[in-house]
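Enquirer: Top line first, the protein sequences correspond to chains A, B, C and D.
The opening residue of the first sequence carries number 1 in the numbering used here; numbering runs sequentially from there.
The opening residue of the second sequence carries number 1 in the numbering used here; numbering runs sequentially from there.
The opening residue of the third sequence carries number 1 in the numbering used here; numbering runs sequentially from there.
The opening residue of the fourth sequence carries number 1 in the numbering used here; numbering runs sequentially from there.
Mixed in with the good hints, there may be bad ones.
Which residues of chain A face chain D? A few of them, derived with a C-beta cut under 7 Å, are [as the list claims (entries may be wrong)]: (1) Pro73; (2) His98; (3) Ile121; (4) Ala122; (5) Pro125; (6) Val129; (7) Gln188; (8) Ser191; (9) Phe226; (10) Lys229; (11) Arg230.
Keep in mind the hints are simulated off the structure, nothing from the lab.
As the structure is a prediction and not an experimental result, all values here were calculated from the model.
We put the beta carbon where it would ideally sit given N, CA and C, even for glycine.
Number of protein chains: 4
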Amino acid sequence: MIFTSDNWAGAHPAVAASLTAHSSGFAPAYGASDLDRKVEKTFNEVFGQEVAVFFVGTGTAANSLALSAINLPGGVSFCHREAHVIADECGAPEFFSHGSRLVPVDGPEGKMDPAALEAEIARFPAGFVHAGQPMAITLTQATEAGTVYTPDEIRAISRIAKAHGLPLHMDGARFANALVALDLTPAQMTSELGVDIVSFGGTKNGCWCAEALVFLNTDMARQAPFIRKRAAHLFSKSRFIAAQFDAYFENGLWLETARHANAMSARLQAGIGNSDNARLAWQSPANETFPIVSKALAADLAKKGAMFYEWSAPRSAAHLVGPGETMLRLVTSFATTQDHVDQFVDLLG
Amino acid sequence: MIFTSDNWAGAHPAVAASLTAHSSGFAPAYGASDLDRKVEKTFNEVFGQEVAVFFVGTGTAANSLALSAINLPGGVSFCHREAHVIADECGAPEFFSHGSRLVPVDGPEGKMDPAALEAEIARFPAGFVHAGQPMAITLTQATEAGTVYTPDEIRAISRIAKAHGLPLHMDGARFANALVALDLTPAQMTSELGVDIVSFGGTKNGCWCAEALVFLNTDMARQAPFIRKRAAHLFSKSRFIAAQFDAYFENGLWLETARHANAMSARLQAGIGNSDNARLAWQSPANETFPIVSKALAADLAKKGAMFYEWSAPRSAAHLVGPGETMLRLVTSFATTQDHVDQFVDLLG
Amino acid sequence: MIFTSDNWAGAHPAVAASLTAHSSGFAPAYGASDLDRKVEKTFNEVFGQEVAVFFVGTGTAANSLALSAINLPGGVSFCHREAHVIADECGAPEFFSHGSRLVPVDGPEGKMDPAALEAEIARFPAGFVHAGQPMAITLTQATEAGTVYTPDEIRAISRIAKAHGLPLHMDGARFANALVALDLTPAQMTSELGVDIVSFGGTKNGCWCAEALVFLNTDMARQAPFIRKRAAHLFSKSRFIAAQFDAYFENGLWLETARHANAMSARLQAGIGNSDNARLAWQSPANETFPIVSKALAADLAKKGAMFYEWSAPRSAAHLVGPGETMLRLVTSFATTQDHVDQFVDLLG
Amino acid sequence: MIFTSDNWAGAHPAVAASLTAHSSGFAPAYGASDLDRKVEKTFNEVFGQEVAVFFVGTGTAANSLALSAINLPGGVSFCHREAHVIADECGAPEFFSHGSRLVPVDGPEGKMDPAALEAEIARFPAGFVHAGQPMAITLTQATEAGTVYTPDEIRAISRIAKAHGLPLHMDGARFANALVALDLTPAQMTSELGVDIVSFGGTKNGCWCAEALVFLNTDMARQAPFIRKRAAHLFSKSRFIAAQFDAYFENGLWLETARHANAMSARLQAGIGNSDNARLAWQSPANETFPIVSKALAADLAKKGAMFYEWSAPRSAAHLVGPGETMLRLVTSFATTQDHVDQFVDLLG
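If we strip away everything but chain A, and leave its shape as in the complex, we get:
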């Protein structure tokens, strides 16, 4: 019963098989192989347009290099207070963008509130050098709260971005989970809503180590080859990432694994809904579930072999957690089995 994180899983068998299949023979290095080129074309098809795509090894790299590519001196980027870029990346985005700043924006259930976003941007009037200057907006889809921005919600943020002339970046470490939750195409969830750059994650959804920095706005990619290489994120045997993505996209595997992860989370949520000993902090259509339970139950679950993190309730949800209670985070993945979910629900009682 492993619900700690989707990155505790290994690789999907198809991904492992693809790596093995491509391990023999020779091919040009640094992204110039036929396989690299083939997968780059697949990205064009996936996004329904010509994109500029750069394979990297970590989601933090994709996010950080995205901000590096649109960097401004004294720049300030806006993200949700609980976003991975600001909470979990050890300052990599700031480092790679030469000291630019991330400003936290509040909003319930992991999503930036547009009014709060506007208020934060307003603190940086155009041309006022003392404060610094707005540089980007970055949203996380699916969010760290397991929720997803609806198209209308993305559009609302995108309008603010356009009004201020700011690039809009989407941290898609769980892109597939959001996509299938919303039943949209990638274009419908990104370019059609004004998203300029996507950190497209494969690792959490079945790959070993496969992330892609995808520029929908290809003008912003002009310096990206040098930015990636200078960051030491250009792999010599780049096709080991391409091979993973090749299997990932083959026959819609990526959507299937995401659907499975989401379904396992929905099953958890249904079970929690039926339990007298647990309740959901909020509904979350992607692959993370946040129940509130008594501390005693949490300890008991752990003792009986369930693995998860107790979660520090975000500001906007702190009031939901009563005395003697705690919030858990349960993450499902392609590797989560229905048995484990049911076992867990049983333990809740």
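Take the given structure of chain A and dock chains B, C and D to it, following the hints.
Expert: Positioned in the frame of chain A, the structure of chains B, C and D alone reads:
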């Protein structure tokens, strides 16, 4: 007949098999898995001491983070003029060490001349803020010229490092090739000669993507966990690197693949020695061979299916290349076959 | 009636005279002149200990280089939400410390609340690379709200710093104003309370351009000469700063000018206290005064020649400003005259 | 007899007087004063076009911020091997341009040889991420060797810059000395020859601390306000720089002081030419003179009160210095007197 680079090969079957074997199941992320721990211990055994080891994805990352860990403001590091750090890393070492400088040191056959090194260091007198301050010496073993520093040669450089209080870094992208060429243990080639930090490469010698930043001087590693994470080089499913190294070290596979690569290069050199149409620029005991041939022959070789790079002769060897001639670089690897070598030698005539 | 900022004043006549007096003749450059050395010794006397002092041209430079000198990868520094370092320096502290982060800490009247500070630090558990690591605490004395930390308040913050092993930096752009408000010696306000580094400001208090980065903890200064030079903040004719400080310290001029500025602010506050049309947002013993007036009165004051900034009320004071009201910031300096103060008070009615 | 450096002088009396004259009264800070605006307009007149001008405190700041404004990831700038940017700025240019690299170009008498420049640029083929990418050419006028590029020589370098799409920067720490040596207008020495950015120095030629970053190509200045502020080089009482420049330009003072400095150097050179005990390493029309003398004479000169630096002969001139000989650097300035020059020449015998 692929002699372009050792990074055109894929992964050794044992490495691919290890990845597949470890792809199922769950394990703690970010380097905390049992497999990560096991392989870290293997590194202790390999180096015959407690080391601080950090898995990363590229040799450029290992080199750059090494310099970042010993960074000084206005710092200046010394390396051979043709070293990978200065010639092939797009400024990553400078970027990660906050603008420190790499100063090229001359020397024949890819190896720094100790006197030249001393002369360069002398340009930066202690405490003279205008020039900047010496920060590190970095040598490449095996070198970019396919040669290897002998223990005495490393000792000579190490003495200079110690005399100036400078950390000594070894770029070991081809560590194994040098090791078997010299028939030394890792400790004999590093710690016993005063090397403080090693960029330990697995990728060119049979892995997909497995490099390790190894601190023999563990004091220098204190900030390394944060430096790696801030650089976006901490992998969530870190055990995919551990799994590669696990197979790499198993039963001495890494020494065997390196021996094979070197042997293939030696066979090339023997063949070239017997040819009337080619001659060696210099002897190179590791896995790179540098013949000089007529431009006509180079074109003919390429037409007949041999793949290699024409090589811009380094300063110290420019006089070896006559008019109408060109220097080639031939790189062998675990995947190079004797057949291909013999075919190539036959083509030389 | 100029109350916009203390940096709208020029230079005190004694400072100007000192510059003229030292403008002829020759002297070693880059801080090696007799005058530089003399003023460095004066700093030792002022702080009652051997200090390491570095002249720079701006307060932002002093603050940024201080943080650069104690920089950590993934580092996080804690400051008040309205502190100059986070609100007014265009990301210079982050830039000079290679992308380290400033975390805002709340607290009333411009002063960090110790409990809020502890809570913020607790978000960065030791060794947890994802969040980053605590690196420094920086407090502003006098604060941006014209208030001053009492010795006990500094001690409370210093204890937190020591408990977490964090250097304590004081932004003393208005150091003298705080000092005379508290009637302490520099040592009593800094070293005796555990302050490690001071940005010692002269510019706002009568100099043209004279700031000093003062290390009370001289161990932290080891790299400072290179850090300053690399930042392009080492002046060739460094004695033009020394000459300013020489006059500044001569016969206690600096304390006299600060006392005058504070007295002018006190006079403003008394006048505001006696007015029916204005009230103080809070008492502020240094040289800034924050009245709340009707927007109509603010407009009228401006029309009649008073110059000041309307001030965005900080979070903790937003409730003090009623509808139709606005908060003003009035800053006094060595150059403020009693006449102007009285004229302004008269206009309040 | 001070010939150590032009930055050992203080400030010209007119500059000191201007500072005193402007020290009273109030004025908007951060460059918004009437005086700042007036001097900005003077710069337009001086350069015969609308320029974007940014006052800074050091020549190193001007050079570094210039490179920061045209920064590219993995960028490589080309300068003469003895240029101040590469030899005397402690890596500030690299730091401010996020780790970009300076590549030394050889050439006699302090001037880049165009063919050598082309050869260095050729090492960085377009789009080849491993090497990095050309980013700028920077030349020094007058050079560190006291020589000046002729218009034709600047044009030759400018053509190379344009051919490669590279911005051309001029380090004009001794701009005025070159200008009067060539008897050109600023436009004739810069914009008409394709120079894009000038570091315009006032400090060495009579100011305390007055440098200006001047963009002739104003497109390149778009981010400069933020770049300067982020670098902590925006002065609050910015008019103290403006006041210096105001006096500097008044009635052509700057040309007069430069002419005097050059004349003093010419007088030195004439004296050396007439001496049997000294000879010139090369002719230098600006304000630096490089005689070669016996070591015994050098010691004797020093003993008798002459102050100068012995100069490490550059590569291209090493053969000029015989055994038992040494090269001196003699720098003159607005403050050098004819008496001191004659005294020195007398001592040569």
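Enquirer: Run every hint past the structure and note whether it holds.
Expert: Going down the list of hints, with the structure as the test:
1. A distance limit of 7 Å between C-beta atoms decides the matter here; for A:Pro73 the minimum to chain D is near 4 Å, and the interface restraint holds.
2. At a threshold of 7 Å, the smallest CB-CB gap from A:His98 to chain D is about 5 Å, leaving the interface hint in force.
3. Below 7 Å, beta-carbon pairs count as interface contacts, and A:Ile121 has none with chain D, the closest being about 16 Å; its hint is therefore violated.
4. Because the smallest distance between the Cβ of A:Ala122 and any Cβ of chain D comes to about 18 Å, over 7 Å, the interface hint for this residue is violated.
5. The beta carbon of A:Pro125 comes no nearer than 13 Å to any beta carbon in chain D, farther than 7 Å, and the hint placing it at the interface is violated.
6. Residue-level restraint check for A:Val129 holds (minimum Cβ-Cβ distance to chain D is 4 Å; threshold 7 Å).
7. Against a cut-off of 7 Å between C-beta atoms, the interface hint on A:Gln188 is violated, since the closest Cβ of chain D lies about 32 Å away.
8. The interface hint given for A:Ser191 is violated, since its Cβ lies 25 Å from the closest Cβ of chain D, which is over the 7 Å cut-off.
9. With 7 Å as the threshold, the beta carbon of A:Phe226 comes within range of chain D, its nearest partner Cβ sitting at about 4 Å, so the hint holds.
10. Interface hint status for A:Lys229: upheld, as the beta-carbon distance to the closest one in chain D is roughly 4 Å, under 7 Å.
11. Hint on A:Arg230 holds. Least Cβ distance to chain D is approximately 5 Å, under the 7 Å limit.
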